[in-house]
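Participant: If you want the building blocks of each chain, they are given just below.
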Amino acid sequence: AQKITQTQPGMFVQEKEAVTLDCTYDTSDPSYGLFWYKQPSSGEMIFLIYQGSYDQQNATEGRYSLNFQKARKSANLVISASQLGDSAMYFCAMREGDSGYALNFGKGTSLLVTP
Amino acid sequence: GAVVSQHPSWVICKSGTSVKIECRSLDFQATTMFWYRQFPKQSLMLMATSNEGSKATYEQGVEKDKFLINHASLTLSTLTVTSAHPEDSSFYICSARDPRLAGSGEQFFGPGTRLTVL
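Just so you know, the protein sequences line up as chains A and B, in that order. Each residue of the first sequence is one higher than the one before, counting from 1 in our numbering. Each residue of the second sequence is one higher than the one before, counting from 116 in our numbering.
Chain A on its own, in the form it takes in the complex:
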């Protein structure tokens, strides 16, 4: 079964606007971590933001914020004030259990920021 679901294969947003990328997850482990990575065309995976299952507040990192709704098992990424350089693939990922475990990735969302 798919553990991470990203239902938006592609998204468009105009420069300076905000955009929300959806992510839902499935786990029975009470301890887990949720990550968002950006992958530009060069292929490198760039860490954006992290949310722990026990964190009370939504994570924020600059223009990135994570809308964590635990009961709904969703961890949407919000990018504010989009920039042309934000055009890339965005992957949501989950770590289950302690921090030694690998990540399960969603299928990704391709974001295109237009002028």
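If you're looking for bench data, these hints aren't it; they were derived computationally from the structure. All residues carry an ideal CB built from backbone N, CA and C; glycine is no exception. Where hints are given, some of them may not hold.
For each label pair, taking beta carbons as the anchor points, the in silico distance ranges come out as [as the list claims (entries may be wrong)]:
1) Gln144/B to Asp55/A: 19 to 29 Å
2) Glu167/B to Pro115/A: 41 to 51 Å
3) Gly97/A to Glu202/B: 29 to 39 Å
4) Asn166/B to Pro40/A: 26 to 36 Å
For lysine-lysine, the following PhoX-like pairs were computed, each having C-alpha atoms within a straight-line distance of at most 25 Å [said to hold, decoys possible]:
5) Lys129/B to Lys170/B
6) Lys3/A to Lys156/B
7) Lys70/A to Lys3/A
8) Lys107/A to Lys156/B
9) Lys135/B to Lys179/B
Since the structure of chain A is already known, use the hints to place chain B on it.
Facilitator: Chain B alone, transformed into the frame defined by chain A:
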């Protein structure tokens, strides 16, 4: 953040040859590294977990005799694709966790290796 390097960044080889990819943690010691494979326009799929000083743990469906992993030191893991075939052409990317960073378990990814088998 912590730095992970990979070498080579790209490689083209003939079918039947073996290719070694190196993954290094440059400024931290990583007891565990992970190897992922990404086909074009697809997500990253975990191939194996590389443990320093012990055998790697492979995911279901990944042939351990074809994808040899060696984690000989705390800063180096290697992935050898043996007798490569065109269907092995893919983007291979490694990651490592910096144990100095408590809590998140954030993984740092190498820049990836693009393998093309002719």
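Participant: Now, for every hint given, state plainly whether the structure supports it.
Facilitator: Hint check results:
Checking the proposed 19 to 29 Å range against Gln144/B and Asp55/A shows it holds: the Cβ atoms sit about 27 Å from each other. Checked against the hint of 41 to 51 Å, the C-beta distance between Glu167/B and Pro115/A comes to roughly 48 Å, which is consistent with it. Gly97/A and Glu202/B have their C-beta atoms about 32 Å apart, which keeps the hinted 29 to 39 Å range intact. Hint check: Asn166/B to Pro40/A, Cβ distance near 31 Å, so the stated range 26 to 36 Å holds.
With a C-alpha separation of about 28 Å, the suggested pairing of Lys129/B with Lys170/B is violated against the 25 Å cut-off. Straight-line distance between C-alpha atoms of Lys3/A and Lys156/B comes to about 19 Å, which keeps the hinted pair within the 25 Å bound. Of the supplied pair hints, the one linking Lys70/A and Lys3/A holds, its CA atoms being roughly 15 Å apart against a limit of 25 Å. Our distance criterion of 25 Å between C-alpha atoms is met by Lys107/A and Lys156/B, whose separation comes to about 9 Å.
Among the hinted pairs, Lys135/B with Lys179/B is consistent with the structure: their alpha-carbon atoms are about 14 Å apart, no more than 25 Å.
Hint check: a violation occurs at hint 5 only; the rest are consistent with the structure.
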